[in-house]
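Chemist: Spelled out from the first residue to the last, the chains are:
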Amino acid sequence: MALSVSDLKDKFRNPGAAELELIARYAMLPESGQRERAFEAFASTGLPHRRMEAWKWTDFKANLKSVEASSRGAQCAPLPAADQAVIEFSAGSVSLPTSLPNGVKLHERKDAQALGDAEEVPLGAMTAALAGRVGGLDTLIIEVTETATTPLHIVAKGDRDETNFTRVSVIVRPGAHLDLVESHVGGAGFSSFLIEIGMQDGGSFNRTVLQHGSADEAQAITAVVNLGDKSEYTQTALAFGAKVARLETRLTHQESGSHAELNGAYLCAKGFHADFTSHVRHGAPSSVTRQVTKGAVLDGGTGVFQGKFHVPRTIGQHTDADMQHQALLLEDGAEVFAKPELEIYADDVECAHGNTSGALDPNQLFYMRQRGIPEAQARALLTEAFIAEALETAHESVRDALTDAARSFLMESVR
Amino acid sequence: MDCCGGIEEHDDDCVEVKVKDSIDEGTVAAAKALESENYSAGFSTEIETEYAPKGLSPDIVKFISDKKGEPEWLLEWRMNAYERWLTMEEPDWAMVRYAKIDYQDIYYYAAPKAGAKYESIDDVPKEILETYEKLGIPLREAEVLLGVEGAAETAIEARTENDRPKVAVDAVFDSVSVATTFREELKKAGVIFMSISEAVHEHPELVKKYLGTVVPQSDNYFATLNSAVFSDGTFVYVPPGVRCPMELSTYFRMNAENTGQFERTLIVADKGSYVSYLEGCTAPMRDENQLHAAVVELVALEDAEIKYSTVQNWWPGDENGKGGIYNFVTKRGDCRGARSKISWTQVETGSAVTWKYPSCVLRGDDSVGEFYSIAVTNGRQMADTGTKMIHLGKRTRSRIISKGISAGKSDNTYRGLVSVNKKADQARNFTQCDSLLIGDRCGAHTVPYVENRRADAQLEHEATTTKLSDDQLFYVRQRGIGEEEAVALLVNGFVREVLQELPMEFAVEAQSLLKVSLEGSVG
Chain A
9 MALSVSDLKD
19 KFRNPGAAEL
29 ELIARYAMLP
39 ESGQRERAFE
49 AFASTGLPHR
59 RMEAWKWTDF
69 KANLKSVEAS
79 SRGAQCAPLP
89 AADQAVIEFS
99 AGSVSLPTSL
109 PNGVKLHERK
119 DAQALGDAEE
129 VPLGAMTAAL
139 AGRVGGLDTL
149 IIEVTETATT
159 PLHIVAKGDR
169 DETNFTRVSV
179 IVRPGAHLDL
189 VESHVGGAGF
199 SSFLIEIGMQ
209 DGGSFNRTVL
219 QHGSADEAQA
229 ITAVVNLGDK
239 SEYTQTALAF
249 GAKVARLETR
259 LTHQESGSHA
269 ELNGAYLCAK
279 GFHADFTSHV
289 RHGAPSSVTR
299 QVTKGAVLDG
309 GTGVFQGKFH
319 VPRTIGQHTD
329 ADMQHQALLL
339 EDGAEVFAKP
349 ELEIYADDVE
359 CAHGNTSGAL
369 DPNQLFYMRQ
379 RGIPEAQARA
389 LLTEAFIAEA
399 LETAHESVRD
409 ALTDAARSFL
419 MESVR
Chain B
25 MDCCGGIEEH
35 DDDCVEVKVK
45 DSIDEGTVAA
55 AKALESENYS
65 AGFSTEIETE
75 YAPKGLSPDI
85 VKFISDKKGE
95 PEWLLEWRMN
105 AYERWLTMEE
115 PDWAMVRYAK
125 IDYQDIYYYA
135 APKAGAKYES
145 IDDVPKEILE
155 TYEKLGIPLR
165 EAEVLLGVEG
175 AAETAIEART
185 ENDRPKVAVD
195 AVFDSVSVAT
205 TFREELKKAG
215 VIFMSISEAV
225 HEHPELVKKY
235 LGTVVPQSDN
245 YFATLNSAVF
255 SDGTFVYVPP
265 GVRCPMELST
275 YFRMNAENTG
285 QFERTLIVAD
295 KGSYVSYLEG
305 CTAPMRDENQ
315 LHAAVVELVA
325 LEDAEIKYST
335 VQNWWPGDEN
345 GKGGIYNFVT
355 KRGDCRGARS
365 KISWTQVETG
375 SAVTWKYPSC
385 VLRGDDSVGE
395 FYSIAVTNGR
405 QMADTGTKMI
415 HLGKRTRSRI
425 ISKGISAGKS
435 DNTYRGLVSV
445 NKKADQARNF
455 TQCDSLLIGD
465 RCGAHTVPYV
475 ENRRADAQLE
485 HEATTTKLSD
495 DQLFYVRQRG
505 IGEEEAVALL
515 VNGFVREVLQ
525 ELPMEFAVEA
535 QSLLKVSLEG
545 SVG
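Chains as they are written, first to last, in our numbering: chain A, 9 to 423; chain B, 25 to 547.
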């Protein structure tokens, strides 16, 4: 039996105006057990806030007083797609490409799908509950059956909309490969994108993400990734943030010998906040994780990095994992918060983490200025070089576009 | 067992612990020596004890205050804390798991019946003296105090006698301080060293001025509980310009069953002074868990330095996790004056559950905070410990060196915060934490929080010993020094060296830790 709006309200602890609007939206969607479970998982925390340990530096509740239309449109152009294989999600509708990369099939699901560990990803759970629409698409499933030789693009953008909630699920069949390029260019007051990626044995996947919201919107991009036997997963993200923005990845090495690379860079100007959060579970022996996150923040900007490696007893043996986060505070008034965390229960493993934050090296700056490069330009160049390492794993067709985006931001904003 | 915190359950089957080959044998032996079956301080003392009625209520708070003959202001202070505590929730974010504490099933006050105050060491009940003797605590050095056996005339003589520094001891037995040695001699130097309940009467102006200024009553659940029911502890005041002529020390002994120990320590180092303070703790082996919720406040004024060392060896419970102390302690130092320095050194081997973060508030410009820790867990112990370095003043510096060793089915977590305020120009921090797992049934966790709000701050966190500056390492190694030694040399204040500075008569267990090598660290 369907729950009334007031029943739903009772499931939240002190719901705010934004949560009440989300409840009203949920009540309008078709009834579904899966949807209800996801919504209950979301209701158990509500919009995440700073009193929750995993969200102490990224407070959606405080930044989203109510769900309002964005006053600005998309913040940048999507990453370039040479062959038009672009799926576009825009406020309640999806437009699918006429041609797809070889080996890629799309399945449109109109009923809500189950979401595992929904409690661990409150905004992922919210998206799972609210991504559907009456009579329309709930989840888009991308099935990859062979090595796709060209990339598939996803563009999520709003047109001064209130929300843009999207759910995508990717299945990579044994030995198959896909390059996925995502452009999250903003334009909705509150956008949330949930992607689940299941990698079967020997599959490989390269995911490149560009995120750019405006200073009056909230954005969440949540990825739940499961790695099969000897599968390879590479993720590269460049984030410019939003009023509040979180790129969260929950990755599980489910079978042995899997390999994950999680790289990212954030560049935050005044009024922008970008959060990279990752949780990697080494749930199978001999799995490898490499993670490099770089950031540069200007006066009034906030960068957040939270990384966690979880190595369970016995099954996590022979884990090899390395996590590095390095941030530049380019001006006074910049803020960088970091929590590189290890939780280890297996004794024969290598887990390292490193974290630094500080200013540009004055010697390097001096060297460049001595050669006649103006200070602002020298700072921009050094910063570009500093974050470049984190973007190297981006798909080659968009790597230059990604570094160009970083460069033009730095040239414009660094003084 | 009710759970707190998000830690993985340990399986209860009797799987034998396997240790991988690359772990140094000496290290395994050193950790083994600390297993609960080797706990030498686990005896209990038969002595008639006077208790307050069980449980916590306004009447108990008043009872404790009356027992100590406290002034009205302090009773009011306690009552405020009690009211506040009732509204607070027990924290659950630490990576520890323990049975829910019934706060009404604890004695909040226990004292030897013969009286809590002794005129001289001769009046102290012999059972208590024997207890301390058995623990190797030089209470009998109080003989010097009594003017027998070649009492040292001056502080300097006292220091040089027998070629080893004298240590003044405040012995706290359950809820009361039973003896404070070397008082007269310290008085000559102007140093006040007494139990806090005496200080309330003898130096109310100092206590009133500083009590609760570092750890406010409302700070956290356990500190607030302590503020309501604290029973005894140590008070130290070092006047301007004085270098305290000897090591000061408090030895805490929990004896009575079903009691909690809630001591409160306050150390004030006035301008330009120096003091080194050491605390030791032990408790009898008992099957029930006992709560220890202490508060330590340090205040360092301009140019002052406080060195605070802890050898924590509370009863850790048996190998199956039965009994043991819940050590929920709030320790914080305030570098209030410019160029002041506070250094925490801790050797943590005891307690069933540890929840402890000795911290430095670096308020004065150019002040320095240090934290050196070595934590060893065995059996079913759980330790969640680390530090907070709060950089508020300009050019403040901090250094954190933490070594965690887990063995048996224990869990050992380093949790630390480095926070740089907007006004802390050119703040610097270096953090290094290593963990070692001995065997495949334990856990080692690292949870560092780094908050930077200054562009010119320089913050580094490294979790492996090989990540020091390659150039420096190369330079040292080129001169024929082995890598581990080179690292020790470079990270000035490597724990091994710090341990060597601990007054060893207190720390037999610390000595065995000198053999520990972190080869085979997991990160």
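Incorrect hints may have been included.
[Claimed, not checked] Computed, partial: chain B to chain A, Cβ under 10 Å:
no.	residue
1	LYS42
2	LYS346
3	ARG465
4	PRO472
5	VAL474
6	ALA481
7	LEU483
Derived by calculation from the structure, the hints in this document are not laboratory data. We put the beta carbon where it would ideally sit given N, CA and C, even for glycine.
Chemist: Does each hint hold? Answer for all of them.
Modeler: We went through each hint and held it up to the structure:
Given the 10 Å rule on beta carbons, the hint for B:LYS42 holds: about 8 Å separates it from the nearest Cβ of chain A. The beta carbon of B:LYS346 is not positioned within 10 Å of any beta carbon in chain A (closest approach about 22 Å), and the interface hint is therefore violated. For B:ARG465, the suggested interface contact is upheld, since its CB lies about 7 Å from the closest CB of chain A, less than 10 Å. Here the hint on B:PRO472 is kept, as its CB sits about 6 Å from the closest CB of chain A, short of 10 Å.
Hint on B:VAL474 holds. Least Cβ distance to chain A is approximately 4 Å, under the 10 Å limit. With its C-beta approaching chain A no nearer than about 6 Å, B:ALA481 sits inside the 10 Å limit, and its interface hint holds. Annotation: interface hint on B:LEU483 holds; nearest CB of chain A at approximately 5 Å, less than 10 Å.
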